[in-house]
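2 protein chains.
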Amino acid sequence: MSTNTPKNTQIWLPFTQMSEITKNPPIEIKKAKGAWLYDNNNNKYLDAVASWWVSALGHNNPKIAKAIGEQAKKLDQVIFANCTHTGAQEVAKKVLNLLPNKLQKVFFSDNGSTAVEVSLKLALQYHHQTGNPQKTKIMSLNDAYHGDTIGAMSVSGTEHFFAPYKPMLFKSPKIKNWNKLEQTIIKHAHKTAAIIVEPLIQAAGGMKIYHIKHLQQLAKLCKKHNVLVIYDEIATGFGRTGTMFAMDQIGTSNLYAPDMVCLSKGLTGGTVAMSITACSNKIYKAFLGPYSANKTFFHGHSYTANPIACAASIATLDIFANQNIIKNMQKNMQYFNDCAQKFAKNLPLKNFRALGWVAAWDIDDVRKSQKQRLSPIITKTALKYGLLIRPLGNVLYFWPPITLTKTEIDFMFNTTKKVLNEIMI
Amino acid sequence: MSTNTPKNTQIWLPFTQMSEITKNPPIEIKKAKGAWLYDNNNNKYLDAVASWWVSALGHNNPKIAKAIGEQAKKLDQVIFANCTHTGAQEVAKKVLNLLPNKLQKVFFSDNGSTAVEVSLKLALQYHHQTGNPQKTKIMSLNDAYHGDTIGAMSVSGTEHFFAPYKPMLFKSPKIKNWNKLEQTIIKHAHKTAAIIVEPLIQAAGGMKIYHIKHLQQLAKLCKKHNVLVIYDEIATGFGRTGTMFAMDQIGTSNLYAPDMVCLSKGLTGGTVAMSITACSNKIYKAFLGPYSANKTFFHGHSYTANPIACAASIATLDIFANQNIIKNMQKNMQYFNDCAQKFAKNLPLKNFRALGWVAAWDIDDVRKSQKQRLSPIITKTALKYGLLIRPLGNVLYFWPPITLTKTEIDFMFNTTKKVLNEIMI
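Protein chains in written order, with the numbering used here: chain A, 10 to 434; chain B, 10 to 434.
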């Protein structure tokens, strides 16, 4: 299959060294269906990264598309202060029904980064208004990734991207070693408002999977030391880890449930941008009072709880419920896992790890001495064979729609094998 | 008309003291058309704030709704790295055609705050990569408002909202007095990467209108001192100030054009969230190089250049062009201005200012001694009479769709007069 060059160069692509786009031109995608993207020449590509991890149910689900089209005709947008709409109420209700009972309120925003920013601001203001204004730090994991706005970057750990922005970032004490979790928390707790983590798997941080027990310990320690726990389930939510949310595996009782959770990506079935920060009543109540007490949460975006995005979200959550997606995906997910278990054989891959619909390996880079980055070569070669994969640096991973069929799973693994064999000689 | 209480209280509304929602329950909006919002009982409300300044062309324009519905069926979303799509290319082309020639590249993101964050990060990284790593400050105007994420808040000036977040914000030197602009810039220039301003009117900062000449002087001084100029046209863009963009009134030659401009709100005709940070080739080129030089702009959001939002934007820009909106709105805009000029007579309003489709007054608060906030009382009373207005603290303003008819203009002014007379006695 041939790639086709975009018609103009007026666009600056995200996370892309633009000097390389002549060598690695982006594919112009015209339409999509399920797990497949189609270019102008009707070549098709299996979207094995679910388009940056958003298309949980695959592309262009007709039910979601219909909901979007109908909502656009009825109520496109309304200011979400002094006004509300049933769509937002439906989303709030459906999402809270899926979350631990501890989470009782929903604050809408537009993307993962803003959902994280909301959680960080809520954390500081919560302590400010409950007698602990000295609690102004947010702790985070080593190698964390929570987004690209200044607040979200400040609690991320991929520092090598960040050198120019350092003067704009605030400092976040890091949890570097789970075995020293208690000491680390005790050391910083007196000044710490919250800890933010991606539960069970650090995705952009390198597909690093870690044990449930650490999060259970984290929950207990944070409760003891009056530190809020924020779960960033932007990547992990909506079936990715094998359950609806990663937190379902950790325990949803009040003992283990987080104080806040950030959701986005799959929230609209991968169709339009929207996000949610859900929080406990304890947090919500700390913001109530007469206006003059200055406890209001002064945060909002123009398109907060956009009715079209809410319609997409309702349709998505209905599909999850009515089609029993989580239960029905288990068989193919197991097949995906079986294939992944066997995949590295005779390939230059090591450190296999897998969770739900994620599988990852470190590439044992035999070309290291040639100083060639393998990631773009792998992507380019895979596109030639009709597969979209994008290694994270040296980490090869699969993160397909959770509705993938066995035939598509076979295609994904077989094609990747062909690619690796072709370029790793 | 009666208001109707929302069915659940699972939602935390933005910029709202939630203890007051029983007293001031949000209206549940069911549908919209043009300048009008309709509740469940078919009561209608003129949206005189264009739903947080986004619905430039009014609500539910059939052309935009159709474009959204069709795109949702064809290509909902695709990762915007390694892939692209014609929608994004069309938007980039159409937007750049409307902007000064100096602006040559488009970086997409999801909302106003992220568009600003992108501009701030580009500014620091630009200087970092062109031999001036000491240029790490962003200057901004007193009382500026550029959004609610940590970076955007850091360059904003409404500090009274910000006390709990102060430990997370970076410092931004302020331009407090236009008459001392040169001294202020000279004082900070050696360490300053960029200055960010809302051109001609500080909107959320209190509808403060200022003269073109200050921005012309700013452009010249910044050029001289190697400081980038960022125009935040998120609120001012798409016809609001009487021209397509506020910058059109300042001068679009290379002498006066900004180095970057942030767009959102009206970009999709007020239908779904999307934003753009446009920049000059000078900036773009400073990010080119071999990957190993680490000059890549590592920023992106999952839904960057979302195809559905791009379809909405193309339809919006086509309407502006084909219906010659800017030219054809001038007559009604003049009528709006005439009405506004005369409006304060016999009303407790002072400090009238107006620009394009914006008119504002400070409320001469006769109730001050009673310590009642007038803003929510005005909003509540206006809703009773079928009008949505939301004073910014003590600032009464109109910011309607730019397609408002004379009859609607009359209704807006007459109803507001009735409201003020009723509550200001």
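For the record, the hints were derived by calculation from the structure and aren't laboratory data. Treat the numbers as computed from the prediction; the structure is a model and nothing was measured. Be aware that a few hints might be false.
With a straight-line cut-off of 27 Å between C-alpha atoms, the simulated BS3-like cross-links for lysine-lysine are [unchecked claim]:
1) LYS40/A / LYS103/B
2) LYS180/B / LYS200/A
3) LYS39/A / LYS75/A
4) LYS40/B / LYS82/A
5) LYS32/B / LYS426/B
6) LYS40/A / LYS351/A
Evaluated hints:
no.	hint	in the structure
1	LYS40/A / LYS103/B	holds, 22 Å
2	LYS180/B / LYS200/A	holds, 21 Å
3	LYS39/A / LYS75/A	holds, 19 Å
4	LYS40/B / LYS82/A	holds, 9 Å
5	LYS32/B / LYS426/B	holds, 23 Å
6	LYS40/A / LYS351/A	violated, 33 Å
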